[in-house]
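**Q** Protein chains in written order, with the working numbering: chain A, 518 to 746; chain B, -9 to 412.
Since the hints were made in silico from the structure, they are not lab data.
In this text the structure is predicted, and so the values were computed from the model without any measurement.
One should not assume that every hint holds.
FRET-style restraints, in silico, Cβ to Cβ [unchecked claim]:
1) Arg110(B) <-> Glu618(A): 52 to 58 angstroms
2) Glu624(A) <-> Leu112(B): 53 to 59 angstroms
3) Arg131(B) <-> Asn546(A): 39 to 45 angstroms
4) Ser721(A) <-> Glu211(B): 40 to 46 angstroms
5) Ala290(B) <-> Glu624(A): 34 to 40 angstroms
6) Arg738(A) <-> Glu6(B): 31 to 37 angstroms
7) Gln160(B) <-> Glu579(A): 37 to 43 angstroms
For glycine and all other residues, C-beta sits at the position ideal for the given N, C-alpha and C.
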Amino acid sequence: METTEHQGEPFAIKDCALIAIATGEKAQNLRELREILRRIDPASVYYHFWGGLLRPRFDDPEYHNDFAIWVYRDLHDKPLAEQLAVLDPASYETIEDLRSETIDIVEDHLYRKETPTWAPRDRQFEFIRSQIVVFNTNLLVEVPEDLMNILPDLSVGSIFFHFIDGRRRNENGMDDFSFWLSSKGSRCRSLCQCIAQIDPYFSSLADLRGALARCFEKHLRDEQGHQGE
Amino acid sequence: MNKAIKVNDLSKTLSEYSEIVGSDVVGHLFQLASPLKGMRVVHINSTRMGGGVAEILYKMVPLMNDLGLDARWEIITGGPEFYECTKAFHNGIQGNQVVVPEILFKAYEAANAETAETLRPLLKDTDLVIVHDPQPAALIRHFPERRNKWVWRCHIDASHPVRQVWKYLQGYVEHYDASIFSLSSFARRLPHPVYLIAPSIDPLHEKNVDLDETESLAAREKFGIDPDRPMLLQVSRYDRFKDPLGVIAAYRLAKRFVPGVQLVLAGGGASDDPEGAVVLNEVRAAAAEDPDIHVLLLPADAHRTINALQRTSDIIIQKSIREGFGLTVTEGMWKQKPIIGGDTGGIRIQVTNHHTGFLVNTPEGAALRIRYLFQNREKMKEMGVKAKAFVRENFLVTRHLREYLTLMFGILHGQEDRIVLG
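Just chain A, with the same shape it has in the complex (with noise of 0.2 angstroms):
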């Protein structure tokens, strides 16, 4: 595992960049799709719940990953899609979950369904995968409230690295964020609470961006005016 922060150490602001790969494979129905599920590089399955973020989508999709959109858009089969549109890729501990969770939903869908859907040639499932490249910024935060400084600031691929990608690595899928501010004891307890009440799943990392400094501003602005009085 690899983790940025540790108890009394200052935190190490990173930064990510993600680029797209064709895996070559496809899938024109919910067969194909299974096989390949089955099979595909995880850093594909990661892509394909995660990748949205960090690529051209339009803000406002119906559905936040894309094999429900491609179930709803090319093979017109909303209840699967919805069914597949509620997986929450921030539960699961690691990407094999993932996979088995959306392999069964698809298997469980298939034994029900009476005819397979097809979509049409050029609306095939295109497998993708990610390769990320990680750097440092040499920015270190030694208190939380050096953090609530930068974070209005912090690139959209740094917000991506510490409170999406980090669920990924560190044990307890928390966030970089809450991680590191879990080490600070009782005084960040409720802006760590404010930050694990961000759904990561359904806005873009620049809303997300927002959304911490938010929680950071209210906790611990609070808490110095406290200290004030």
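Fit chain B to the given chain A structure using the hints.
**A** Leaving out everything else, chain B in the frame of chain A:
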């Protein structure tokens, strides 16, 4: 061979972008590029003027230099048979039935051999060679001892190529270390990593900068376009894949319901496109009887004119039946215009039905959406605002640059999912 372009004195350029995309985005680029400082990169394509590739490189190369890389831009040139061959390749890759005679293959190979010799000292010593499109693809065979990395960048929809053409080109392309396609659906299976990078527009290019109203209206006046009547615009090369005759058909169907509407077809010829004149004549013939159809043949550097026409039009049309990506769609969206685009290629990821415009498959479909939008002016405005925001987030040159830098790490570090630097 033209002299190489190497532009370094642009330290303020990236800061200008921060006003448009945000300082966080520009700061991110500098951080990402820092470990790549001094890396020698050579881009090679077939023209400096005309076409989307030249426009991208015109900005991409200086920006790479601005970030500390040592980037250059070279071109391959050849005689008429070379261009005839590469035009046939272009059509064949896009699935248009062509048969390329042996003599044209020979001209293609000769032009590549000659360029390889001219560029040998440069290409031998550079770290990364990025070859754009099929024209210079065969250069690689002249460097069998190479130790640097070579990437083939395909800007064309290669999803259903003509077998003869692809089989021939594949013989060169498979020797590259990686390739890049604009969309996953355009990509071919190749024995190396196939990266996906969408193209982009430059918001500071003359074609996209803000213009004052006087300048915009002057462009209309120059071409005799009535400033008080509505206008539809398609900007593209005169190419069958852009379906200019279909646009005229759509305009005629809509005109009954939108009295006074004018259609402007504006395009230029690129130096590597000999077929353009034939299509232009067909378009002129189809438009001959109607004074409200303006068929403009613009020089390759008419950027401000195109900018002005886009800004003063009501709807941007790009009714392609095959499209690599459709940068004119991106340009129109950047000017806050609703788009009526062909349901094909990269237009699909830019145009979201009812949000940034409409995807259509026929002249009838385009006509219907023209009528709808002129009946719903507020919807037009709303779509335009959404379209510009979408381009700002996704299709500006800063995003494109970031992906090239990311790819460079991928090429240098191998195929691991996660590359952690320093």
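**Q** Are the hints correct? Go through all of them and say.
**A** The hints, checked one at a time:
A C-beta distance of roughly 55 angstroms is found between Arg110(B) and Glu618(A), which places it inside the suggested range of 52 to 58 angstroms. Take Glu624(A) and Leu112(B): their Cβ atoms lie about 56 angstroms apart, and the range 53 to 59 angstroms holds. Take Arg131(B) and Asn546(A): their Cβ atoms lie about 40 angstroms apart, and the range 39 to 45 angstroms holds. Look at Ser721(A) against Glu211(B): about 42 angstroms separates their beta carbons, and that is inside 40 to 46 angstroms.
The given range of 34 to 40 angstroms is broken by Ala290(B) and Glu624(A), whose C-beta atoms sit roughly 56 angstroms from each other. One distance hint, 31 to 37 angstroms for the beta-carbon pair Arg738(A) and Glu6(B), holds here, with the actual separation near 34 angstroms. Distance hint check: the CB atoms of Gln160(B) and Glu579(A) are about 38 angstroms apart, consistent with the given range 37 to 43 angstroms.
The structure is inconsistent with hint 5 alone, although it conforms to all the rest.
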